[in-house]
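Asks: Listed here are the chains, written in short residue letters.
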Amino acid sequence: MFAAILLFAAVVGIILFIAGRFGGRRGDRVVAYSYLAPTLLMLLVGLVYPGIRTIYESFFDAAGDVFIGLDNYQTIFTDKDQLTVLTNTAVWVLLTPFVATAIGLLYAVLVDKARLESFAKALIFMPMAISFVGASIIWKFVYAYRPDQANVKQIGLLNQIVVWMGGTPQLWLLDWPLNTLLLIVVMIWIQAGFAMTVLSAAIKAIPGDIIEAARLDGVSPWGMFRFVTLPSIRPAVVVVLTTIGIGTLKVFDIVRTMTGGQYDTSVIANEFYSQSFRSDNQGLGSALAVLLFVLVIPIVAYNVRHIRRSESL
Amino acid sequence: MSPRFRSALAGTLGAGLVLGLAACGGSDDSNDDSNTAAQSSIDCNLYKEFGDLKGKTVTVFASIVTPEDKAYKDSYKPFEQCTGVTIKYEGDKSFETQILVRAKAGNPPDIAIVPQPGLLQQLVATGKAVEAPATVSANVDKWWGKDWKAYATVDGKFYGAPSGANVKSLVWYSPSEFKESGYAIPNTLDELKALSDKMVADKKKPWCAGIASGEATGWPITDWQEDFMLRLYGPETYDKWVKHEIPFNGPESTAALDAVGAYLKNPAYVNGGLGDVKSIATTAFQDAGLPILEGTCSMHRQASFYAANFDKGTKVAEDGDVFAFYLPGKDGTSKPVLGGGEFNLAFADRPEVKAFQTYLSTDTWANIKAKASQGWVSANKGLDPNNLSNPVDKLAAVILLDPKATFRFDGSDMMPAAVGSNAYWKQATSWITGQDTVTTVNNIEKAWPK
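Chains as they are written, first to last, in this note's numbering: chain Z, 1 to 313; chain D, 1 to 450.
These are calculated hints, taken from the structure and not from any lab test.
Note that the structure is predicted; figures quoted are calculated from it, not measured.
Fair warning: there could be bad hints in the mix.
[Stated by the list, open to error] EDC-like, lysine to aspartate or glutamate: derived pairs with alpha carbons at most 20 angstroms apart:
hint: 1; chain 1: D; residue 1: Lys204; chain 2: D; residue 2: Asp239
hint: 2; chain 1: D; residue 1: Lys450; chain 2: Z; residue 2: Asp65
hint: 3; chain 1: D; residue 1: Lys278; chain 2: Z; residue 2: Asp61
hint: 4; chain 1: Z; residue 1: Lys153; chain 2: D; residue 2: Asp276
hint: 5; chain 1: D; residue 1: Lys104; chain 2: Z; residue 2: Asp71
hint: 6; chain 1: D; residue 1: Lys335; chain 2: D; residue 2: Asp436
hint: 7; chain 1: D; residue 1: Lys203; chain 2: D; residue 2: Asp276
hint: 8; chain 1: D; residue 1: Lys278; chain 2: Z; residue 2: Asp175
hint: 9; chain 1: D; residue 1: Lys315; chain 2: D; residue 2: Asp331
hint: 10; chain 1: Z; residue 1: Lys140; chain 2: Z; residue 2: Glu57
hint: 11; chain 1: D; residue 1: Lys450; chain 2: Z; residue 2: Asp253
hint: 12; chain 1: D; residue 1: Lys93; chain 2: Z; residue 2: Glu57
hint: 13; chain 1: D; residue 1: Lys146; chain 2: D; residue 2: Asp287
hint: 14; chain 1: D; residue 1: Lys128; chain 2: Z; residue 2: Asp65
hint: 15; chain 1: D; residue 1: Lys450; chain 2: Z; residue 2: Asp79
hint: 16; chain 1: D; residue 1: Lys203; chain 2: Z; residue 2: Asp148
hint: 17; chain 1: Z; residue 1: Lys140; chain 2: D; residue 2: Asp287
hint: 18; chain 1: Z; residue 1: Lys153; chain 2: D; residue 2: Asp202
hint: 19; chain 1: D; residue 1: Lys450; chain 2: D; residue 2: Asp436
hint: 20; chain 1: D; residue 1: Lys265; chain 2: Z; residue 2: Asp175
hint: 21; chain 1: D; residue 1: Lys404; chain 2: D; residue 2: Asp436
hint: 22; chain 1: D; residue 1: Lys446; chain 2: Z; residue 2: Asp253
hint: 23; chain 1: D; residue 1: Lys450; chain 2: Z; residue 2: Asp209
hint: 24; chain 1: D; residue 1: Lys56; chain 2: D; residue 2: Glu68
hint: 25; chain 1: D; residue 1: Lys104; chain 2: Z; residue 2: Asp148
hint: 26; chain 1: D; residue 1: Lys450; chain 2: Z; residue 2: Asp175
hint: 27; chain 1: D; residue 1: Lys265; chain 2: D; residue 2: Glu245
hint: 28; chain 1: D; residue 1: Lys73; chain 2: D; residue 2: Glu49
hint: 29; chain 1: D; residue 1: Lys446; chain 2: Z; residue 2: Asp148
hint: 30; chain 1: Z; residue 1: Lys80; chain 2: D; residue 2: Asp190
hint: 31; chain 1: D; residue 1: Lys54; chain 2: D; residue 2: Glu80
hint: 32; chain 1: D; residue 1: Lys450; chain 2: Z; residue 2: Asp148
hint: 33; chain 1: Z; residue 1: Lys153; chain 2: D; residue 2: Asp287
hint: 34; chain 1: D; residue 1: Lys446; chain 2: Z; residue 2: Asp71
hint: 35; chain 1: D; residue 1: Lys204; chain 2: Z; residue 2: Asp65
hint: 36; chain 1: D; residue 1: Lys104; chain 2: Z; residue 2: Asp61
hint: 37; chain 1: Z; residue 1: Lys80; chain 2: D; residue 2: Asp43
hint: 38; chain 1: D; residue 1: Lys265; chain 2: Z; residue 2: Asp81
hint: 39; chain 1: D; residue 1: Lys77; chain 2: D; residue 2: Asp43
hint: 40; chain 1: D; residue 1: Lys446; chain 2: Z; residue 2: Asp61
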């Protein structure tokens, strides 16, 4: 620890020293690169090299000894367990961003300029402050099951409601696909606050004269939303959708904490960890990591392009 | 700002950072030395041959975390006082994955307490593990059975002394309930079945079970099957099964799982106070045996370490609230014992590490550790069961030291990770929620690495 800090101080010192030796217009470039160099180096060591290494290892067998070509990828797309993983990931990615954004948007519109607005916002924003693991534990209690027997009291909120309604308690996390949907609820619960915050800020940024003009034209509340609010906040909606989308692709903590990927609830990020470290199948684990990487790229690219375009406007 | 001044400023900044951070760290946890183990003395002469070890440090990495790690730390104190070596203990709940990562990355601890022979083999395969010194080997020959030495032997080379052990072939029950209802502890599998039926006739749910354990959900079923494999087909077939010399979907394995199903998948037998058969899948294994105290079920098959899951006020003893009996053999003649254990694997061969390994392989250490801990047993023949304060530990020690007993290590722990800690758990979970036995064993067989 001590040595690492000394090293850090030394590196910073050397860079400042080198940068300080160059002056003038020509020197600017050198100065810029010498400041960038450590970052580039770390990116290379910490990101580019492991990335390439992972891709390389995904073509090898479990122990990483024998080259097996695309077999690992074939496994991902043919093995029954792995197909469940893919299906689950698809359900997660298709549902979470849209539902979370829709809830966030609806909330932002409803609460806009309302009384107690900040309090109402704080309520939905609070889950954002809880870690994924913490949120999962809270929801594990919500879904908790106790049998339908005399002298047995429910401790889970959901089953208690079911019992009050005259039903019998269910093992919520056991049956697919209901269990995956119930896990997605947790993610939506966390992310809706984020969506609401960003979208609310975007709504507030709509110029007052546009709204005024629309009002004078006698637009209905729905028309206002459809033709004024929504087009104005489109860039923000895209950012929220893609950000939550990327977060959802990487979802790991929720699945791991609540079911451990059991009962057919595993998703790519969780399966990648299980295969690499528990099942000791380096090849398949790497292939899953690469797949995750490939799936994230288009969303990131779209996100970056969109932000660039909206900035240039 | 002149360049020189700038670099001087950088230096000052850096130094300030260093001092600031250094002030934050370095608060060591101070242990109270009031434990009896610390006062036990050991024969220091044994460690003279390793030279002067004063001021040296040995790092230990294990899966045991607070509060159970205290007994380990305490049991190291006599060695530390005698040799001047400092033992740095680090516990991590995800030890099984972290140790592999650390070994592969070239950052292993000096000693790892490895809870599975399969994992030990994987660690040896990384090329970073070091063979045990002759002193340890001699101690293991002296104090343990041959099978134990074999578990830590890879390609003819011996790697580490067994540390702790546990007995899995146990059934937890309520002594008072058995007394009141006139139930006798069964001596054969048939008697166990008859007892279960009798309880059903008495309008009871005899068994409690739960297999949820996070990502490891399913493992308690593997223990059930291993116990039945041992009982129905004997240790030789069991060994072949574990080594995959007979297939996982062969007749023996299928019949053993069906035998388990006769208990766990029988709605009349399970799952007292916890729900129906399916509830086994989502009941945490830690909670599963607790209904015995409430009288909603009468028996729970789980290892000796399960004693720790009962509340502090619960009396765990032969005449107490809850106790365990040996899961009987097929007939009274054989006494197969399924169990687990840990091994001290070294990644360094410095003299202080060798000396510490030697200390851990002695009967002296086993007895010091026994006095210091709860829920811990060793198969070390030099262990005096009277040093164990917990009646269940004592029972486990007596079972382990019984010359008639045939000990076998937990089979799933020795199978390749793809099976033993993945497919087997997953399929067992699907099995309890309704998948049939044949599909289950076929799927596990398919997962076996070719």
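Asks: Could you run down the list of hints and mark each one as holding or not?
Replies: Right, here's what the structure says about each hint:
Restraint check for lysine 204 of chain D and aspartate 239 of chain D: not satisfied, since their Cα atoms lie roughly 37 angstroms apart, outside the 20 angstroms limit. For the hint linking lysine 450 of chain D to aspartate 65 of chain Z, the alpha-carbon distance of about 14 angstroms falls within 20 angstroms, and the restraint holds. A hinted pair counts as satisfied when its Cα atoms are at most 20 angstroms apart, and lysine 278 of chain D with aspartate 61 of chain Z does not qualify at roughly 36 angstroms. Among the hinted pairs, lysine 153 of chain Z with aspartate 276 of chain D is consistent with the structure: their alpha-carbon atoms are about 16 angstroms apart, no more than 20 angstroms.
Our distance criterion of 20 angstroms between C-alpha atoms is broken by lysine 104 of chain D and aspartate 71 of chain Z, whose separation comes to about 24 angstroms. This hinted pair does not check out: lysine 335 of chain D and aspartate 436 of chain D have alpha carbons roughly 30 angstroms apart, beyond 20 angstroms. For the hint pairing lysine 203 of chain D with aspartate 276 of chain D, the CA-to-CA distance comes to about 15 angstroms; that is within 20 angstroms, so the pair holds. The straight-line distance between the Cα atoms of lysine 278 of chain D and aspartate 175 of chain Z is roughly 10 angstroms, inside the 20 angstroms bound, and the hint therefore holds.
This hinted pair does not check out: lysine 315 of chain D and aspartate 331 of chain D have alpha carbons roughly 31 angstroms apart, beyond 20 angstroms. Our distance criterion of 20 angstroms between C-alpha atoms is broken by lysine 140 of chain Z and glutamate 57 of chain Z, whose separation comes to about 36 angstroms. Proximity of lysine 450 of chain D to aspartate 253 of chain Z is assessed by CA-CA distance (about 32 angstroms); at most 20 angstroms being required, the pair is judged violated. Taking the CA atoms of lysine 93 of chain D and glutamate 57 of chain Z, the gap is near 28 angstroms; set against the 20 angstroms cutoff, the hint is violated.
At roughly 36 angstroms between alpha-carbon atoms, lysine 146 of chain D and aspartate 287 of chain D are farther apart than 20 angstroms, so this suggested pair is violated. As the CA atoms of lysine 128 of chain D and aspartate 65 of chain Z are separated by approximately 17 angstroms, the hinted pair is consistent with the 20 angstroms bound. At roughly 16 angstroms between alpha-carbon atoms, lysine 450 of chain D and aspartate 79 of chain Z fall within 20 angstroms of each other, so this suggested pair holds. This hinted pair checks out: lysine 203 of chain D and aspartate 148 of chain Z have alpha carbons roughly 17 angstroms apart, not beyond 20 angstroms.
Straight-line distance between C-alpha atoms of lysine 140 of chain Z and aspartate 287 of chain D comes to about 15 angstroms, which keeps the hinted pair within the 20 angstroms bound. Proposed proximity of lysine 153 of chain Z and aspartate 202 of chain D is contradicted: the alpha carbons are some 25 angstroms apart, above 20 angstroms. Taking the CA atoms of lysine 450 of chain D and aspartate 436 of chain D, the gap is near 25 angstroms; set against the 20 angstroms cutoff, the hint is violated. Of the supplied pair hints, the one linking lysine 265 of chain D and aspartate 175 of chain Z holds, its CA atoms being roughly 18 angstroms apart against a limit of 20 angstroms.
The hinted pair formed by lysine 404 of chain D and aspartate 436 of chain D fails the criterion: a straight-line CA distance of about 36 angstroms is larger than 20 angstroms. Taking the CA atoms of lysine 446 of chain D and aspartate 253 of chain Z, the gap is near 29 angstroms; set against the 20 angstroms cutoff, the hint is violated. For the hint linking lysine 450 of chain D to aspartate 209 of chain Z, the alpha-carbon distance of about 71 angstroms lies beyond 20 angstroms, and the restraint is violated. Under the criterion of a C-alpha separation no larger than 20 angstroms, the hint pairing lysine 56 of chain D with glutamate 68 of chain D is inconsistent with the structure, at around 25 angstroms.
Simply put, lysine 104 of chain D and aspartate 148 of chain Z have alpha-carbon atoms about 50 angstroms apart, too far for the 20 angstroms limit, and the pair is violated. Simply put, lysine 450 of chain D and aspartate 175 of chain Z have alpha-carbon atoms about 32 angstroms apart, too far for the 20 angstroms limit, and the pair is violated. A threshold of 20 angstroms between alpha carbons decides the hint, and for lysine 265 of chain D with glutamate 245 of chain D the separation of about 28 angstroms lies outside it, so the pair is violated. The suggested pairing of lysine 73 of chain D with glutamate 49 of chain D is violated, with an alpha-carbon distance near 24 angstroms, which exceeds 20 angstroms.
Between the alpha carbons of lysine 446 of chain D and aspartate 148 of chain Z the distance comes to roughly 38 angstroms, so the proposed pair goes past 20 angstroms and is violated. Straight-line distance between C-alpha atoms of lysine 80 of chain Z and aspartate 190 of chain D comes to about 39 angstroms, which puts the hinted pair past the 20 angstroms bound. For a cut-off of 20 angstroms, the pair hint linking lysine 54 of chain D to glutamate 80 of chain D stands: about 9 angstroms separates their Cα positions. Restraint check: the Cα-Cα separation between lysine 450 of chain D and aspartate 148 of chain Z comes to about 46 angstroms, which exceeds 20 angstroms; the hinted pair is violated.
Proximity of lysine 153 of chain Z to aspartate 287 of chain D is assessed by CA-CA distance (about 16 angstroms); at most 20 angstroms being required, the pair is judged to hold. The hinted pair formed by lysine 446 of chain D and aspartate 71 of chain Z meets the criterion: a straight-line CA distance of about 16 angstroms does not exceed 20 angstroms. For the hint linking lysine 204 of chain D to aspartate 65 of chain Z, the alpha-carbon distance of about 55 angstroms lies beyond 20 angstroms, and the restraint is violated. Pair hint lysine 104 of chain D plus aspartate 61 of chain Z holds up; C-alpha atoms about 17 angstroms apart against a cutoff of 20 angstroms.
Distance restraint check for lysine 80 of chain Z and aspartate 43 of chain D: the Cα-Cα separation of roughly 59 angstroms exceeds the 20 angstroms cut-off, and the hinted pair is therefore not satisfied. About 24 angstroms separates the Cα atoms of lysine 265 of chain D and aspartate 81 of chain Z, which puts this hinted pair outside 20 angstroms; it is violated. Proposed proximity of lysine 77 of chain D and aspartate 43 of chain D is supported: the alpha carbons are some 13 angstroms apart, at most 20 angstroms. For the proposed pair lysine 446 of chain D and aspartate 61 of chain Z, the alpha carbon gap of about 16 angstroms is at most 20 angstroms, so the pair holds.
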